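Q: Take a look at the letters that make up each chain.
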Amino acid sequence: MKQNTRHIDTDLTIIGSGLAGVAASSFALRRNIRTAQAGNTGALAYTTGYFDLLGSLTGGSGASISDPWEGIRRLRESEPLHPLARIAEDDIRASFEEFITFLAECGITYGKPGDRNLDALTPGGTLKKTLSVPATMQAGVDAFARKAQCIIIDFKGLKGFSSRQIVANLKTDWPQLRHERISFPEIDQAEIYPEVLARALEVPANRAKLAEVVKGLATDAEAIGMPAVFGIHAPDRVMADLQDRIGRPIFEIPTMPPSVPGIRLRELFEQVFPQKGLTLIPQQKVVSTDLQANTIQLDLKDNYGPIHISSRAVILATGRFISGGLEAHMERITEPLFGLPVTQPASRDLWYRHQYMDNLGHDVHRAGIEVDEQFRPLDRDGKVVHHGLFGAGILLAHQDWIRGRCGAGIAVATAYKAVQAALSVLQPAAA
Amino acid sequence: MSDTPIKKLNFKELASQLLPEGASFDSCLTCGLCSSGCPASGLENMDPRKFIRMAMLGMDEELSKTPWVWMCTQCKRCQHVCPMDIDIAQLVFAARSNWPKELKPSGIVRSCELTRSTSSTSAMGLPPEDFVFVVQDVLEEVRELQPQFKDMVAPMDKKGAFFFVNQNSREPMSEPDEMVPLWKIFNLVGADWTYSSKGWAAENFCMFSGDEEAWHQVIQQRVDAVNELGCRVWLNTECGHSYYTMWNAINRFGMEADFELANLVTYYARWIREGKLPVNADWNTAGLKFTVQDPCQIVRKAYGDEIAEDMRFVTKSLVGEENFIDMQPNRSANYCCGGGGGFLQAGMTDQRRIYGRRKFDQIAATGARYVLTPCHNCHSQMEDIGDHYGGGYHVVHFWTLICLSLGILGENERAYLGPELAALGL
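Chains as they are written, first to last, in our numbering: chain A, 3 to 433; chain B, 19 to 444.
Check before you lean on any hint, since a few could be wrong.
Computed footprint of chain B on chain A, listed as stretches where at least three residues anywhere in the stretch have a Cβ under 8 Å from a Cβ of chain B [what the hints assert, rightly or not]:
1) 34–48
2) 304–318
Within a straight-line C-alpha distance of at most 25 Å, the following computed BS3-like cross-link-like pairs (lysine-lysine) qualify [unchecked claim]:
3) B/Lys334 to A/Lys278
4) A/Lys173 to A/Lys149
5) B/Lys307 to A/Lys278
6) A/Lys278 to A/Lys114
7) B/Lys30 to B/Lys83
8) A/Lys161 to A/Lys217
Derived from the structure by calculation, the hints contain no laboratory data.
None of these values were measured; they are calculated from a predicted model.
Glycine included, each C-beta is placed from N, C-alpha and C at the ideal position.
Just need the whole structure built from these sequences, with the hints factored in.
A: The structure is reproduced here in structure tokens:
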């Protein structure tokens, strides 16, 4: 069968479609950089929707921190190689603001990042320190802060979200909280998923039916919490309409993956990027690369045939083990795409500590690639691998995003720096 | 029902063979994105995640027998959202193959048998001479009754034509007037095209019946027919799975195909961009709203978002940008309507409509009066769920709307238009 190779000639290519990749694309678009992005599904769909900056300092008690900015200042002392410790506070603030502004323009409103972490609710009925939450979740943060009279509702058949459990875990701090379980109108399957409910709520008739049921339950509640199911495509609009019909403030609490807030983000970027002129090659991984003097050549293919990208700059945001940014072999960890050296524990025996929940974390999580001040990957001799190649996200070494509660912070802030640095290569005069 | 038992398959072994390079079931997080995004989840108490987990647990007997494999449309949305790219539809295909013929849904089996009954490869069993006759007959009528098209042609077996055009059997068999708008479009753009008396049909239920050998043979006949006429492009008209069964088979069976595969939507978009199809939305004075259904077989499973973009470009050109409302989700992430995979032919009406509820909600959320889709199975299923759940929308082919916009749509070519467009431009 005859197939034609498609050639894409571009200024910047972002490899990876997790949070770092999509943030980098949003920054590049805002700077009018001709951009392509490739990468398969990624872990974006697993997010709670909360954007953490820094929730905990690793290596200590593991206790959460309320002031992430103070936390980053302390990181500069204790972990100077931590990616967040290497970025100026103004740049981190600017990166979050710009990213959240972009999201709002595209249809998902987030709260403005402030000076302190918020106490956000989890589906387990615990609290999580985070910097910014979607507007659909804000009333829950506020209700907890005021310990308002509140009701949490869950749905029969929806696993991993129990209003009773949430209330049981929070009632000491929040005595005015109670729970209810209802059947979601006209969905009577044994097992239901939040995504299904969220899609159903995109239809006004279905919102009307749900509002009728909820109204009857919540006569004295100041606010009503539900699992995150307020639509996929236009959550702010779905919430506003549902709220009007119910007649009281409502809010979402994230669910266990697969969660609606993550699916929202993924579908939003997949739709918005091409509309804004980005060349998106979704669901495909770059399979081979070639560093040339002034360009980086990338090869991949889709069902239609081979695709060849020639790009002046590349941002590598391929994540860690799940997405294939790093590969674990019996003896060592590698970066498969460019063969970059990976800083890692001296032997496999040192990857994990004995106790899984050890506050010190596990050294394997700190493995990753080295970059210079311009976020350009370094080779074994500490030399820049290519002047047009940049790295961003949790692929970078010297951070434990899991215990630090800093995954979104690293993704967004390093993507911001990488795009700035790429811009200085692409348009020396502009930068 | 016969007493023939269903053999037990080793699903774990099969699944391991089907994994992409470097992937492993050890990395499956059992996250459930597959099931969460699957309209067949819950039918027969089964879903894609459960299917994979049961395979890993060696529950081969249960998997070998579950009728769910006939309710999964093999739309591959589960794989699309899976971070590990696990191809669950292939396992379903293997399970279908394993069912004894007499236990498989008879509608699908019969369609495959009919496809093999003549060299037309028509799932409705329409023989070559009947196809040639219908085309000629309809063409003569149009030339006579629509003087503007008195010189229109519908070439048959023309060697060396650029396009080898296929046709879903439903048109020549049940609604021959629906072929006419397509011919008018070819006529208008001056396309060098031909039908073939052999291998002209689009449908291929042999793939859906899990009969790999029959699937291969049917595609071989079609490939031979194109090679024989020496056409440059096999042009897949508005029928979803015909493209996928052809494209997949050519790769899967390593066939010699000396031509390109293309979809009509790609050419609609090209001809509009080149000015050869001067369509516009001036006719839509009432501001009728339109949405588009992305057939899995030509978007997610084949061309991806590129053709989805072309579909939207064509639609906006036809109805006006402000009158187009996208379904959510859309493009490669769109849901299967529930008409694919042989579901429409399988006789499981209740389950098919439960599956289709997701599509109905998507359409309802757009508030659109019309749904455009270049796929017959999507077309039939969306009409059926619209009737069943009380939607007030109509489903139309692209060719209908293109000719309507150009003011060349004949009186008998409007079966799918609503009353407000039934007489427009006549």
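Q: Next step is simple, just say for each hint if it's right about the structure.
A: Hints and how they fare:
| no. | hint | verdict |
| --- | --- | --- |
| 1 | 34–48 | holds (count 6) |
| 2 | 304–318 | holds (count 3) |
| 3 | B/Lys334 to A/Lys278 | holds (17 Å) |
| 4 | A/Lys173 to A/Lys149 | holds (10 Å) |
| 5 | B/Lys307 to A/Lys278 | holds (24 Å) |
| 6 | A/Lys278 to A/Lys114 | holds (24 Å) |
| 7 | B/Lys30 to B/Lys83 | holds (15 Å) |
| 8 | A/Lys161 to A/Lys217 | holds (23 Å) |
Of the numbered hints stated above, none is contradicted by the structure.
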